[in-house]
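J.: Residue numbers (this note's numbering), protein chains in the order written: chain A, 86 to 583; chain B, 648 to 973; chain C, 200 to 504; chain D, 17 to 350.
Hints listed in this document are in silico derivations from the structure and should not be mistaken for laboratory results. One or more of the hints may lead you astray.
In silico DSS-like cross-links for lysine-lysine, where the CA-CA straight-line distance does not exceed 27 Å [stated by the list, open to error]: (1) C:502 / B:800; (2) D:40 / B:761; (3) C:430 / C:259; (4) C:410 / C:317; (5) B:800 / C:430; (6) A:202 / A:260; (7) D:40 / A:260; (8) C:203 / C:430; (9) A:202 / A:231; (10) C:317 / C:202; (11) C:469 / C:296; (12) C:477 / C:203; (13) B:788 / C:356; (14) C:410 / C:278; (15) C:430 / C:477; (16) A:231 / A:273; (17) C:296 / B:788; (18) C:317 / B:788; (19) C:296 / C:278; (20) C:279 / B:788; (21) C:349 / C:259; (22) D:213 / A:103; (23) C:410 / C:356; (24) C:477 / C:502; (25) C:356 / B:800; (26) C:435 / C:203; (27) D:213 / A:260; (28) B:788 / C:463; (29) C:203 / C:279; (30) D:40 / A:498; (31) A:333 / A:103; (32) A:273 / A:260; (33) C:410 / C:435; (34) C:296 / C:463; (35) C:410 / B:800.
Remember, predicted model here, so these are calculated numbers, not experimental data.
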Amino acid sequence: MKPAIALEGISKSFPGVKALSDVSLSLYPGSVTALVGENGAGKSTLVKILTGIYQPDGGSIRVADAETAFPTALSAARAGVTAIHQETVLFDELSVAENIFLGHAPRNRFGLIDWNKLNADARALLHRAGADFDPTIRLRDLGIAKKHLVAIARALSVDARVVIMDEPTAALSHKEIHELYALVERLKADGKAILFISHKFDEIFRIADRYTVFRDGTMVGEGLIADVSQDDLVRMMVGRAVGSVYPKKDVAIGDPVLTVSGYRHPTEFEDINFELRRGEILGFYGLIGAGRSEFMQSLIGITRPSAGAIRLDGEILVIRNPSEAIRSGIVYVPEERGRQGAIIGLPIFQNVTLPSLSRTSRSGFLKLANEFALAREYTSRLDLRAASLDQDVGTLSGGNQQKVVIAKWLATKPKVIILDEPTKGIDIGSKAAVHAFMSELAAQGLSVIMVSSEIPEIMGMSDRVIVMREGRIVGRFEREELTAEKLVRAAAGIAEAA
Amino acid sequence: MMAKLLKNRELLLVGAILVLVVLIAWRFPPFIAPTNLARVYNDTSILIILALGQMAVILTRCIDLSMAANLALSGMVAAMLNAAFPGLPIPVILLSAIALGAVLGMINGALVWKLDIPPIVVTLGTLTIYRGLIFLLTNGKWINAHQMSDAFKSFPRTDLAGIPVLSWLSVVTVAAIFLVISRTPLGRAFFAVGGNPHAAVYTGIDVGRTRFFAYCLSGTLAGLSGYLWVSRYAVAYVDIAAGFELDIIAACVIGGISIAGGIGSVPGAVLGALFLGVIKNALPVINISPFAQMAISGMVIITAVAVNARAERRKGRVILKKAEAV
Amino acid sequence: ENKKIALVVKALGIGFFEAANKGAQEAAKELGDVEVIYTGPTTTTAEGQIEVINSLIAQKVDAIAVSANDTDALVPALKKAMDRGIKVISWDSGVAKDGRQMHLNPSSNPLIGNMIIKLAADNLPDGGDVAVLSASATATNQNTWIEEMKKVQGNYKGINVVATVYGDDLADKSYRETQGLIQSYPNLKAIIAPTSVGIVAAAQAVTDAGKIGQINVTGLGLPSEMAGHVKSGASKSFAIWNPIDLGYSATMIAYDLVNGAEAKPGAELKMGRMGAVKLDDNNEGAMADPFVYDASNVEEFAKIF
Amino acid sequence: MAETHLSPRNIPDRLEGRGARLLKSWESLLFVVACLIFIGNSLASPYFLDPWNLSDATFNFTETAMIAFAMALVIISGEIDLSVASIIALASTAMGYAVQLGFDTPALVVVGLSVGLACGVVNGLLITGLGLPSIVVTIGTMSLFRGLSFIILGDQAFTGYPGSFSWFGQGYVWWVFSFEFTLFVVLAVIYGVVLHKTNFGRAVYAIGNNQTAALFSGIRVGRVKFTLFLLTGLMAGLASICLTSRLGSTRPSIALGWELEVVTMVVLGGVSILGGSGTIPGVVLAALIMGMVTFGFGLLNVPGIVMSIFIGLLLISVIALPILWRRARRRLAH
Ligand SMILES: Nc1ncnc2c1ncn2[C@@H]1O[C@H](COP(=O)(O)OP(=O)(O)OP(=O)(O)O)[C@@H](O)[C@H]1O
Ligand SMILES: Nc1ncnc2c1ncn2[C@@H]1O[C@H](COP(=O)(O)OP(=O)(O)OP(=O)(O)O)[C@@H](O)[C@H]1O
Ligand SMILES: [Mg+2]
Ligand SMILES: [Mg+2]
């Protein structure tokens, strides 16, 4: 079979980093190729080269046997390559329909935009993507998952022969993920060549036909999915076998450390009551948009609750801003790494020490030596990969940025650490490192709250699980009584099977 | 219903302008005579034209501080052409002013596009350079009314259907820009580039080139205004319209164009300019000390941003379904 | 060794000062051993003039003759110049007494104040409403003249000064202020603009409003800029002293001081072909009477300045 | 380009030494430019290399530079303050008014500084309290503050400052070193230390690079920004004292257009107008460059507007040249 698109000998460097070296990849019509690799392996870079956003330093791209180049995103789209990117790249102030057709809007015979046709076509595309909402509303009024559906509809709006999906399910809920799988099947039946990037092995084995593995910017293996096992893939990715996936240690649970009672907010959540004990990992499960992040942020003073109280070690605590939270020993590792976590533009060590400056400095004056020592300690504990501590965090891959972000809050030596989707978009190796570290922290007597939307992670790591839906707590489970089915039912509001 | 109406920024501005006019008319009734209102519009025409150009630039998340300097240079060159060749037909002079303005705008645009220099730095630099060029060109000398031909001076004043050409030109500009903004891919690209430049790249929109075109537009309109300004006031010198760039930006801000890019409308820009125009024209008439004008403009700008920010502020996403609603 | 005399003006590029420079160059030629440095800021600000004066001090010029943008703000800089042995005089627009050795008025303030209202009154035998369009709010001389004018207002029966507005020496602002005047005072018969920028803008605004013949614009202006408006009838007459003579005289006086003449009350300083100026108690002197231009002579002078 | 191997552990602190970083920095480029201008000036005019003349020349930039230091911090934090020149006018007007009431020199200083501070509070409250964009707010307060001076003064001037008040703008601390220049040096050191050596400075950088993440990291974003606007207000008040003392009088048009000069100085000094980066030594060098250009051209009796063309070209070219150079080098490498 002839490939729909073939890359040969592609290389790409960024200052100080060789992101891709001499990689080749072919995508075939009517087939789904899974691209896997650790964080920073170069997957997204390849996607950006395929869609004309980055220019390769060397190598060639062949479409239908003819050598081509994609100097701009537009030229790639014209050649029939379309992508759903890892970050949703849309326009809040424009309507859904405009977001879908921006750049190739239908025109009338005067060359002016034909708004009627635009909206009608958008409606049809949304329907194909499995969404049925009004295309004339402004994008900013949509939830995060719906925005992702718009991105998918946009990718469908181009008559493409190659469809690329870079971690498309990371922001979607259970139901939407299944609709996406159905869509992939339909595209496949239409004869499209699909490149599917994911860190979730279950879905790779479910929908992919072929696989390609990247490690440190090189291609280390490819073939048919039918011929490999999950362990083989993992070994190829990390170059070694990965041990127990959820290294949960059994820790003696101590006294309550944090008690939250009667927390409520006019629009986001209400009636939140729970205790967190020493050495415990408390999982918070829910569908995306259940209000977990909003609630956690109210614990550290980002949003103000309208009522409620926190006790830390029995003492009533008033927290008005994150600085007070950090000082009292409650830290929150936010979910949106790029926006709330990493400070792109500052070097790694300054990122790590930012919330701990009062400890590394003396009477308000910086002490660089202390800062480097602190940063060195925590980044090496998390197995960070970087050229130097003075490097801008912006030049790290997503997973390594996440490690910097976690290191930053661990360095404050907290009593309670809240991790919001700590392994979102992280590769298997790093994920295991984060999980091992979480267990370690709990064993040392820290109390951990882990917000996660991944059932295996919740089940594997938590001592106890609280399920939230629409701003309320709808279920509490001890580790022993946990089943995936119970969690899903509670989160989706489906009554217990009789 | 009322609350919904009030949420519309443009309607709010229309209301504010009406209230203002009524208040002025209460102190000084002749102000609302149609001829006088037409005169106020005519007086504001140039600001309207300029505000539309600035709007395009601000929409793309840039700013053009050099518009007034561009106006002054194009205007000066138009005046010099007229002084040197009094026989030159007006359309030729008009076109050369527009062309020069466009070229100056392109210089800004090219620096922003090709060299990636932040817009505020580029236009801060060209602001002084363009004005300095006028000095080098003229040695600081003025071109006065008696050096200009009658045709040159009378063009913007000529009556067409009872309204001066100057006003007509601004009406035509408003219509043309409205079409560009709402019905052409370039117009939509302005919003995309300003709303999310990062995403625009992924969408296949060339961010730099879109900005370049926005600067071309603002330059072209500044060039047009250059001729209009010089012929209307019948004088050209280094400092004409000095500091006017801030009035232009103020008009945009009052008109609800977000300085962060991606939000704004043609009616907004026009109304913002009119609001300032009414205030400027009214103060001398109602005997408010001209010295108070500046402070009043300042208060208006601050109030306008505060009001617009309120309107823009996202109302929190409601997760909780209230018990009674279930 | 040539004597260096700096002629510092309010701003470069203004026709009036260019003419004064012409006179200064004339004086330099006549004297032989003088180099005139014609300089000034590009906008009419005191800060700009101070920078210029500082660089003149650094160049060790022999004398500075300045037309000031601000009576007081230049004093410290000019004092420093005098401390370093530089002769300092002001002309046209004066500096406070401490900041100069003498001041040369183009004419005397009372004469000018009288002249501007007389120009308006001569064309209004039956009296009527008159408004003043002044210049930059921070200019020294306009305000003095308007004060002098108000002192003698009683001598002109039936002349009502109804308003004073400020055009800030900006063409557009002056234009708009004039429009405001025309709106607010339907019976306005004359506008007095004792500023060369304002008078042109006012004449233009009157022309645009179609009020030629009803409103007479007068005041102080340059013949070259006003010739058209005199011809159209927007202005029947206006006055100004001769700036060429002014630049000439200032240079001559500076030269006299450099050569050892002393500026003290009662002293007479030489002004070449313009005769001599006698200093009053404030060390001020007046050059000559203002000169009236009308349809009969404006064309001729328009060629000169 | 050197490829660096990503090692799993033992990440080095830094890849290059202090010297290498200094050589590649913006400041060294500015330093070279400053030296060239100094040499050029000395060759062009025999009057340039005279201690008293150089001392006089410092007055050209010391007042703007004082504000530029605070402005640099504001711009690094991702905001801007265009109202500084108007604050000078209002503070000066207030001092002039105080003179009429018979205040003496120490009281005048207090008045000048407190009005500057009060204006800073107004800006700070509007920007951090109401969360409005600073560029628009300060365009508004720019009109408002100067407008108030115009309402108070109209076409009048305040004069009659006490003799001792003139020391701030005209006095000398030692030999040719004026009070203003000494103040400039002292402030440069203070701001340099605050920005580069303290937690506060680090917070300013963090906010400029990512405000949300800084907030999540426990930085009191609102408070830091508020403080920065207070500082620019205070510096404008201080500059107002110096300028008023130097001029010996107050008019509402005092310091007109200085805001652009200050911003130019800050940007020329290598502070990113988008926030997040820049240094005080850069700003100091930019101040010296602008001062020397103004004075050098002044000695040759070149009109001020020609100097501003030069500054405008300098502004664009110092930013453009490194970009062009890097591009050319990359093209050559291929
Ligand atoms: N714009 C950039 N500038 C500098 N380095 C970059 C840039 N983009 C990517 N890199 C580097 O290139 C390498 C590959 O990054 P890429 O984003 O392709 O990884 P990835 O495989 O998509 O990882 P993840 O699974 O975390 O998304 C990383 O080392 C990253 O730091
Ligand atoms: N439609 C939306 N508009 C604006 N912000 C949104 C929207 N949807 C989600 N967010 C933001 O995304 C974050 C996650 O939302 P939320 O806290 O409600 O969900 P959650 O239960 O934490 O789910 P998850 O963390 O799995 O996304 C919040 O910071 C919220 O502000
Ligand atoms: Mg990726
Ligand atoms: Mg969340």
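J.: Would you mind marking each hint as holding or not holding in the structure?
T.: Hint-by-hint comparison with the structure:
| no. | hint | in the structure |
| --- | --- | --- |
| 1 | C:502 / B:800 | holds, 22 Å |
| 2 | D:40 / B:761 | holds, 23 Å |
| 3 | C:430 / C:259 | violated, 48 Å |
| 4 | C:410 / C:317 | holds, 21 Å |
| 5 | B:800 / C:430 | holds, 16 Å |
| 6 | A:202 / A:260 | violated, 30 Å |
| 7 | D:40 / A:260 | violated, 54 Å |
| 8 | C:203 / C:430 | violated, 42 Å |
| 9 | A:202 / A:231 | holds, 22 Å |
| 10 | C:317 / C:202 | violated, 42 Å |
| 11 | C:469 / C:296 | holds, 21 Å |
| 12 | C:477 / C:203 | holds, 24 Å |
| 13 | B:788 / C:356 | violated, 41 Å |
| 14 | C:410 / C:278 | violated, 49 Å |
| 15 | C:430 / C:477 | violated, 39 Å |
| 16 | A:231 / A:273 | holds, 23 Å |
| 17 | C:296 / B:788 | violated, 32 Å |
| 18 | C:317 / B:788 | violated, 31 Å |
| 19 | C:296 / C:278 | holds, 10 Å |
| 20 | C:279 / B:788 | violated, 32 Å |
| 21 | C:349 / C:259 | violated, 43 Å |
| 22 | D:213 / A:103 | violated, 34 Å |
| 23 | C:410 / C:356 | holds, 24 Å |
| 24 | C:477 / C:502 | violated, 32 Å |
| 25 | C:356 / B:800 | violated, 38 Å |
| 26 | C:435 / C:203 | violated, 42 Å |
| 27 | D:213 / A:260 | violated, 52 Å |
| 28 | B:788 / C:463 | violated, 37 Å |
| 29 | C:203 / C:279 | holds, 17 Å |
| 30 | D:40 / A:498 | violated, 37 Å |
| 31 | A:333 / A:103 | violated, 35 Å |
| 32 | A:273 / A:260 | holds, 20 Å |
| 33 | C:410 / C:435 | holds, 13 Å |
| 34 | C:296 / C:463 | holds, 12 Å |
| 35 | C:410 / B:800 | holds, 17 Å |
Checked against the numbered hints above, the structure breaks hints 3, 6, 7, 8, 10, 13, 14, 15, 17, 18, 20, 21, 22, 24, 25, 26, 27, 28, 30 and 31 and satisfies the rest.
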